[in-house]
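Peer 1: Okay, here's what each chain looks like letter by letter:
2 protein chains.
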Amino acid sequence: MAKAVYKFGAGEADGRTSQKALLGGKGANLAEMSTIGIPVPAGFTITTDICTQYVEEGEEKTFPKIKEEVEEGVHHIEEIMDKDFGDEEDPLLVSVRSGAAISMPGMMDTVLNLGLNDTTVKGLAKKSNNERFAWDSYRRFIQMFGDVVLGIEPKEGDHHDPFEEAIQEAKDEKGVENDTELDTEDLKKLVDRFKEITQEYAGQAFPTDPWEQLWDSIGAVFGSWDNPRAEKYRAMNGIPDDMGTAVNVQAMVYGNMGDNSATGVAFTRDAATGENRFNGEFLVNAQGEDVVAGVRTPQEINIVGSKRWADRNDITEEERKENYPSLEELMPEVYKKLDKVQQKLEEHYHDMQDLEFTIQDGRLWILQTRTGKRTGAAMLKMAIDMLDEGMIDKKTAIMRITPNKLDELLHPVFDKQAEADAEVMTKGLPASPGAATGKVVFFADDAEEWAEKGEEVILARVETSPEDVAGMNAANGIMTARGGMTSHAAVVARGMGKCCVAGAGEVEIDYHKRVMKINDYEINEGEWISLSGNTGAVIKDKVKTVDPEISGDFERIMELSDKFRKLGVRTNADTPEDAQKAIDFGATGIGLTRTEHMFFEGERIKAVREMILADDEEGRRKALDKLLPMQREDFEGIFKAMDGYPVTVRLLDPPLHEFVPHEEKNQKEMADELGVPVEEVKAKVESLKEINPMLGHRGCRLGNTYPEITEMQTRAILEAALNCKEDGIDAIPEIMVPLIGTKTELKLQKDVINEVAEELFEERGKKVDYKVGTMIEIPRAALTADEVAEEAEFFSFGTNDLTQMTFGYSRDDAGKFLDIYKEIGVLEHDPFQVLDQTGVGQLVEMGTKKGRQTRPKLKVGICGEHGGEPSSVKFCHKVGMNYVSCSPFRVPIARVAAAQAAVEDEE
Amino acid sequence: MAKAVYKFGAGEADGRTSQKALLGGKGANLAEMSTIGIPVPAGFTITTDICTQYVEEGEEKTFPKIKEEVEEGVHHIEEIMDKDFGDEEDPLLVSVRSGAAISMPGMMDTVLNLGLNDTTVKGLAKKSNNERFAWDSYRRFIQMFGDVVLGIEPKEGDHHDPFEEAIQEAKDEKGVENDTELDTEDLKKLVDRFKEITQEYAGQAFPTDPWEQLWDSIGAVFGSWDNPRAEKYRAMNGIPDDMGTAVNVQAMVYGNMGDNSATGVAFTRDAATGENRFNGEFLVNAQGEDVVAGVRTPQEINIVGSKRWADRNDITEEERKENYPSLEELMPEVYKKLDKVQQKLEEHYHDMQDLEFTIQDGRLWILQTRTGKRTGAAMLKMAIDMLDEGMIDKKTAIMRITPNKLDELLHPVFDKQAEADAEVMTKGLPASPGAATGKVVFFADDAEEWAEKGEEVILARVETSPEDVAGMNAANGIMTARGGMTSHAAVVARGMGKCCVAGAGEVEIDYHKRVMKINDYEINEGEWISLSGNTGAVIKDKVKTVDPEISGDFERIMELSDKFRKLGVRTNADTPEDAQKAIDFGATGIGLTRTEHMFFEGERIKAVREMILADDEEGRRKALDKLLPMQREDFEGIFKAMDGYPVTVRLLDPPLHEFVPHEEKNQKEMADELGVPVEEVKAKVESLKEINPMLGHRGCRLGNTYPEITEMQTRAILEAALNCKEDGIDAIPEIMVPLIGTKTELKLQKDVINEVAEELFEERGKKVDYKVGTMIEIPRAALTADEVAEEAEFFSFGTNDLTQMTFGYSRDDAGKFLDIYKEIGVLEHDPFQVLDQTGVGQLVEMGTKKGRQTRPKLKVGICGEHGGEPSSVKFCHKVGMNYVSCSPFRVPIARVAAAQAAVEDEE
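Going down the list, the protein sequences come from chains A and B. Numbered per the numbering used here, the first sequence spans residues 178 to 1084. Numbered per the numbering used here, the second sequence spans residues 178 to 1084.
Don't take every hint at face value.
If chains are identical, the list can't say which one is meant, so a pair holds when it fits in one copy or spans any two.
Capping the alpha-carbon separation at 30 angstroms, the derived lysine-lysine pairs in DSSO-like fashion look like this [what the hints assert, rightly or not]: (1) K859 <-> K604; (2) K842 <-> K1026; (3) K1026 <-> K1055; (4) K743 <-> K1051; (5) K1055 <-> K1027; (6) K513 <-> K260; (7) K690 <-> K859; (8) K260 <-> K242.
Read the hints as simulated data drawn from the structure, not as lab findings.
With these hints in hand, go ahead and build the complete structure from the sequences.
Peer 2: Encoded structure:
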């Protein structure tokens, strides 16, 4: 028979890291640590093969085959730990844990303190000099054994675990509230009660023989491989049923065996700053849970750290030495060993480690090591430092970046302490990152007015619309009561790099009284509130914010990324300011300029409304003529900012009703301004109403029914480009037709564009190169991309709308069920945030492929929200796009994600 | 060189029918007729190859090569027609026509009377004994030659054709209104003026030499191949540029050469009834246009027809013989020849022919023959008669049916005469066929009330909603001012087989005053109006309607179809009555029972609203418990009607806001009924509002957020099935989950359904077989059909919604641009009527294939509007569906279309 038991401990191990399939993840990891000389508590792993045999042949046939090897494994532990299993004086206690190659919920997890019984508990009490600890360990063992090995459950109709109920009874009897208030005698009684429960519920006595305890636990782990929850999980995740789990049996070690014992956690580098400085905390004579519980103040492990800590807390050096000495001072030898271990671990794993250690009777044991979590700043610094130290190579440095974490480095944040003290009134969606504080206003014009007067404001609305954009820009932050991560407020705020909390459903705004109610709070116009775009918190009063500092490490990672990435990174920008911001963040072009926002500014909206109200082409042309010089100016500014980079301008996209007022008062105003009866305005507004505006008269459907709009916009774009050329600016316009569903729609718009261009070039006697392409945002456009590409010189996937139509979800309404859908497992992510590669991605891939069948060099990009989402960016790389385009603040994220995609591709 | 000229005439021809590419459609057809001995005026065809040479090499190189052959062709005509080209006494005149293999607008079309000049016109005058005719022919020739050969156009800034202007001047001078009032002298002057115009506009004299006229015309036809309109048409329709057109030169014949001449049209069978009876009309000494103009009363060609005509018009036999003798009586020999010709034609073409003939000087000429148009009844009768006569086989008989025409046989129609006299106020869309007349009401409840009192009513609404269904059912017909062919009114009316005119945009309804304005008409509640669902006409007053009679031919065609078709045909039916109707029409199952209509009836809506208003699951369950017995009853009725056939029931689909009242008054009523404050109702209605309800909280999103609804419906379906079984009825329920976008959505609903089923079967101690499947109506469902099929036991393509989402068109709003889109060539058909095979069809095909990859025997059907549209049904056959499902009245259409698809497939 093949080897069934793999031993580890004392700097050696039978197994290797690579044997994950045989030893499970945990077993392989323990073997690895042991092999490189890390002092892990000794133990052994029973292989996954044995699990398979157990499931197939049953316990009776399997256990006899491995009996000898398991016994040998226990002896191996006894030897290294210098304790004997079942020994009355100093018993060896072990843990039994399952560990499959892939971590899997639903399986039996852990039994601790195995080996205790009425006799050994006394040895433990004596040895630890802590009778209460020994009995508490014992009662915990019985409870765990009952729960996970014997499968004790509440009886039918009862909802309480009988063990927990017994504890509650004990506390009630004594009149105390906490488990910790039960003393040794209470625990002894509980142990008796627990044994009774075991008999009553499991129909068998609690086994006192440690060997019986061990074999039962091993059997329970193997048996749990086939429990329904684990089976279901495997079925859902495509994990083979014959993979099996391993069992790990390992010596228990305790940090609460007296003043020569301790327990702690440590990091090989500073997880907050990234500084290359070993640091951590520990407690003498304590268990791991004491560190977490926070009853006692943990001490720093080394002198440097300890002194810093004392400084921060205004503690004198004397007091520190007296009350909070470091491990380095208390147990210098052990600390030295620990320091060596941490160095070894970082060298071995090539990354910052977060390790748990226990010192038992002056002997150091490492319980666990794992890659340490870190802040965005620390992530950058560690990657660059390790690269410079030669610990990792360039590709690894890039892969070390979690792209989304870069976001937090680019926006203001709350002062840590201030945030901790803040009074959170409610939470919405963290729609656009950063922190903001200001006086609340409820109308966009107020935001503008107040801001002009030098006030800091937060704009709070039920939801925002294009009319509010100027007010949003004037505010420090935006809050809405309705709408999801891709609502108007969220999208626009992200574009502006401005903090936004969206869809805070508990907020009720009374526009009339200019007040909002949030549960019991009442916030009037002008009162201070604060928003966290990172957590979604809506906070009462002013909270101090801190501006981010961008370190040199940031720039170095960006440069490194640019060397590797194959994807271009453009930006979505509607103004010269946004364009400039994006260039600063490294964008090399604009992938989407929306022209509709421009229609709302100042006087323009008047001309737009005049156009809408016009009865015929002539009337529309008159109004459009007024818009032309303004649009031209917009584009000139953007071309200037993007000198030498391509600028993709999307023709008018939203339905016309977005430009007309829906409130009586404003309709009256509009009527007065245009000199028409208010009835006419009302009738027009009514006639523009749509039941499903998302699927209505918009996009190229406007351009194809009112070609004069396309003519005006084309002229504005190309005149601007020609003007720029005259000023020595290299304008590269790309005209993008939105919402194409058929080739002909594009062809007709292209004809209009080309005609205007020819006319203009003749007028001016000069030309400028331009391209005509289209958004692919309607499923049919992707399905017929081979036809569409006959006309299109470039494609840009509008994955926001494509997601809406492929799923049949309205972004504005899906909030009602999306959260529930994530909860009940229908969706893993909000598909408006993370591109649905399975469904929508198929259309993206198909569209790209079919498009290039017709036009092999077709330039393909993406300009939906997904263009700045790392996993989606990687998908774009995979399908062979030329570029992604995202809001300015996500450009760095896209650059890194693109580089990671390229690196992953090479490997 | 290959042969350039193919002659025809006198029972012979150089060409064959199969040489369409070389001779063009017209040339091949003329050759064919000539070959079988039909007396067509002699002529010749210049091949398409010559056209290609002409385009490539130019006139100078091409014409010399064909000169001899063309001259020979002319001589061939001269010989047969016994006239000489350019002869002063009896000149041969010819027509020159283009004729490509595929008919193509934009090309030069026709020049008539070629060969006339100042000399030959006199010969024609003498020979015809009609000077005015000769000069009129001459001036027409010059005008046509100027227009089409010389390309004379209005000068810049002028909109009038100079020839037409000259005619107007001549009439003004004379003070007359009609062209016919110009006499010979006037025409002579006009000829002079036309020649001047030619000189002035074309810069050349009108060519008097017939040969020059001929060569110029041939050149003009060939040259027009490359004119921009023709080129654009070819580009748009994918017709190769090097295909070329042929030129047909053919002798002119005239029916106005005296009393021995005549002209007429004839049908080999009766186009109205299908009766096998040669019939037609003619006029002595007349031109074709005289027959059309209707100034003189045409006479019947044979005695039988003539007598029938006299009977109908109360004309005595004496008077008939005197004034309206038949051709059979007037020219018995010619008639005999004509009769032989018609027999030959029908035998040759195996179908009813519509032919044009001219008798010149006692000699019969056939100008054209084509397959004759016919009524639905005639179509059926002819197919069956010809099958019985052995003229065609079964497959051909099936192919002879235009499925959509069957519709007119199943609905009431207006009395012909009454319809002709009717006063049409406006036209809307012919949304559901048939004719209806009744007193107009504007509210659904009124329709019900009035109908109960025995009134005939028409329901007129701006648009209808599910609340109106009962009222629609009570009305004779439905008219809406808004909405397209797939609006609620249209879909529901078609389902009911009830006449509907939708989207009559000129109708303004004032609900308050209970009146509608249609242009200048004002129709008050209670006034009679009539609707034609075949033409879309909205008619003032009552118009007499006639019920259709279904002949035995109908049944025979249906039986024949059933023998050939592979597709099953089911029906969409929500009531036992509809189900029965569909069975009568030959449906073998229900493909779609919508359950939401049931929710509106009577007391039910109260319980539905109670459910909606409930705050928690418990409240909803209470209300659902009330609905359960009513739903169960619905299903029992349907199962009974469908005994032995499968019934697919779709779970609740529409968003909940469709069930709550939106008008203040009704909200108050609802509040009173449910005993809650009206504010609560308002708040709920407000909270249910959606910006894009089509993409909102509906379909399985309801079932997955409120599983108790699914539980109730499942229980109702299965309890009904069990009850039916006890009564000996074979209920076969198929439960269909709507609006699936992900596999998990279906899985979760299926779990709920299966749990209820298990529970119920245990309660009752009995089981019933049922299937669980899903609609495929969201693009993502089609894209991931392989995954969805893991859970689905059947698929039903909901192509209405699938079209909405694939195109991004809202059915309710697309009216604003769909018509324009058809006009400017973006769309060929309304995609909601005719399945878009290119785009939506790809998803249907993909969904079917992928679904069957996972589950090879997956049952696949369609239940959108397209399930009853012939070309879409054929597509469904092609992709291998198991069945189509359509409204009861379209079942026969689907049966024939399915048979045709199978026949086409075999061939």
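Peer 1: Each hint needs a verdict: does it hold in this structure or not?
Peer 2: A quick look at each hint next to the structure:
Taking the closest pair of Cα atoms, K859 and K604 come within 30 angstroms of each other only across two copies (26 angstroms); inside a single copy the shortest separation is 38 angstroms, beyond that limit. Taking the shortest alpha-carbon separations for K842 and K1026, neither the intra-copy value of 52 angstroms nor the inter-copy value of 56 angstroms comes in at or below 30 angstroms. Both within a single protomer and between protomers do K1026 and K1055 lie at most 30 angstroms apart by alpha-carbon distance, with minima of 12 angstroms and 26 angstroms respectively. Taking the closest pair of Cα atoms, K743 and K1051 come within 30 angstroms of each other only inside a single copy of the chain (11 angstroms); across copies the shortest separation is 47 angstroms, beyond that limit.
Taking the shortest alpha-carbon separations for K1055 and K1027, both the intra-copy value of 16 angstroms and the inter-copy value of 23 angstroms come in at or below 30 angstroms. Within a single copy, K513 and K260 get their C-alpha atoms as close as 26 angstroms, which meets the 30 angstroms cut-off; across copies the closest is 126 angstroms, which misses it. In this assembly of identical chains, K690 and K859 lie within 30 angstroms of each other by CA distance both inside one copy and across copies; the values are 26 angstroms within and 20 angstroms between. In this homomeric assembly, K260 and K242 come within 30 angstroms of each other (Cα to Cα) only inside a single copy, at 26 angstroms, whereas the closest approach across copies is 116 angstroms.
Checked against the numbered hints above, the structure breaks only hint 2 and satisfies the rest.
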